[in-house]
Each structure stands twice: as structure tokens, then as C-alpha cells.
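Asks: Sequence:
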Amino acid sequence: MSALVCTVLLLFGAYVHADRPLLAHKTRQHMSATPGKDSSKLAVPKIIHQSWKDEHVPERFLKWQESWKRTHPEWEYMFWTDADNRQLVEDYYPWFLDTYDAFPLPIMKADAVRICYMHLYGGMYADLDYEAIRNMDDLLQGHGVYLADMYSDLDFQPGDEGVSKLVPNAWMASVPRHPFWLICLQRMIRNTGYLEGYMEAESDMNKNKTERLVPVAEHITGPALMTQGLEINERLGGKGVHVIPAKYMYPFHWLMTDPDSGGSEEYEVCDVRHKRFDDEACKALFPQAYAITYWTHSWSTAKR
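Numbered per mature numbering (1 follows the signal peptide of the UniProt record, and there is no 0), the sequence shown spans residues -18 to -1, 1 to 286.
Just so you know, these hints were derived from the structure itself, not from any lab. Each hint should be verified, as a subset may be incorrect.
Here are the computed lysine-lysine pairs in the DSS-like style, where the Cα-Cα straight-line distance is at most 25 Å [stated by the list, open to error]:
1) K45 - K229
2) K51 - K35
3) K28 - K229
4) K35 - K45
5) K28 - K45
Keep in mind it's a predicted model, so treat the numbers as computed, not measured.
Could you put together the complete structure from these sequences and hints?
Replies: Right, dumping it as C-alpha cells:
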């Protein structure tokens, strides 16, 4: 079955469940955000999505979490827990539930469900270690999907699809029902079939299974998956996906303080691992940025 036919079938499956009631356990503050109809000609809905495993967000994220509400006061804020996320997949994407439940790491599920937020509701998603610097209304004009490029000195080795752009999944925005997101979910299903192969390719076989799975997540559900989805969408003639230059959304990445990777001491104020970390000083280095992520990589630790 061709990729295009599969995408059409998945789109039909998602529409079948589009009119089911909203999740009963979501709070009243979320109830006005209803699953979107086909709205490819509409603007990005003013909904901000963020997620953590439960309601107890670690203190180190609270300032950055609040920044999205402060800079986007007219936007609705939707917070999702792991329990909410699984219920969303079960209710609206039952054809994906077996794949979702089979993901061996929490980050893989978190990666997948943010795709569902974008397809079902639309709006904007941001990781909790992402700080909003300014309102993005003027940035989100004229396209259906918004991703952001990242400086290409990082290599996620996405495999047989190659790399034309490096597209992380820490931030994204979309109108609801854009078919790009179904391409990504379909690709996750395909990638999961190669999970053991990805693990065997991980060089350090002395690591335990979980340790070897951490970098594999980038290939199965993370940035490499997003890059693959972007290229598949382009090959299928898909339109409406706009990739924002790195300077606006990803001006800094975690190798920029590593001398062995061409990094500089100047950027140590942006590195949460460094004693000189200072988010205010970091923001001052990037006056064009709309937001900045501090790459805490909490997903790769037991704390997540």
C-alpha cells in the first residue's frame, strides 16, 4: 500500500472519531477548546499545549511555563498529564493506541501525543523548558503548519530519508486537521517496527536496554522522525508546512558550549548544566528570538 493511500486511510480514521465528546476528566478551563474540523484555511487556533507526567510540574520549569501565558494572554492554555494523553489517544486515535502503548519510554509517548494535539486541536505546543520571549501572533500567519529549523551541525542520522532540514519537535504550531501530522504518526508506526534494529545499531552494547533506548527515541518519535515526515510531505507534494529559521525559535543548542564541538564560553550562560547558567543573560544574546529552549533533556533521565 502506498504512503499516500495509507495517509488517506489514516485521515479517514481520525475523522470518524472527530465528533466524540471531549475527554470527561479535563477541567472546565479546557472545555472551550474543542477538537477542530477541517480548517486548512483558518488561522492557528489560540491554544497553547504543554504536558508533564502529572500535575506536579518541577519548580525549575514554572517560570518558563508561565512565560507562555504572560506573552499570550488571549490564548487558552491546555495542560496535559500522562493519563490525559493516553485517554486522548484512546478516544480519538484508537488505530494508533497499540503503537502508543508499546512505546518503551515515556518520552516516545510524549513525542507522539504532541502530534495528536496538533492534528486534533491545532494551536501551539512547547516543551516545559522552552521560554517564550515575545508574542508569536505575527509569526503564525499564512501557513498551515509551523516548525522551526535548527543549526545543522547536529546529526540525528534519520536513515534512508536523508536530511534536508533539522527539525526538532520541542515547539510546533498548526491549524487542526492538517495531514502532515498523520504522515508523522504513520511514520512512527513504521519506525517502531525497526525498534530492535535501531537498538542493535547503538554502539555501546554494554549499556542496559533503557540506556540504549534513550538515543533511539530521537529516531523513532523525535527530531529525526519530524525531519523524515517533512521530507515525505514534500515528496508527496504536500503544502502548507513552513519551517521558521533557527534564529527565531532555536538560536541555541547544547553543543554550543562544548569546545570539542566548536562551542564557545560565551554561551555558557545558556547551558543549564553549567554553573554560569543565567536565562536572562542568555536571552540578551539572541535579540531576534521569539522563544528559547534551554535543552534540559529531562526526558533522558529517570525523573521524567
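Asks: Quick one: which hint numbers does this structure break? Sort them smallest to largest.
Replies: none
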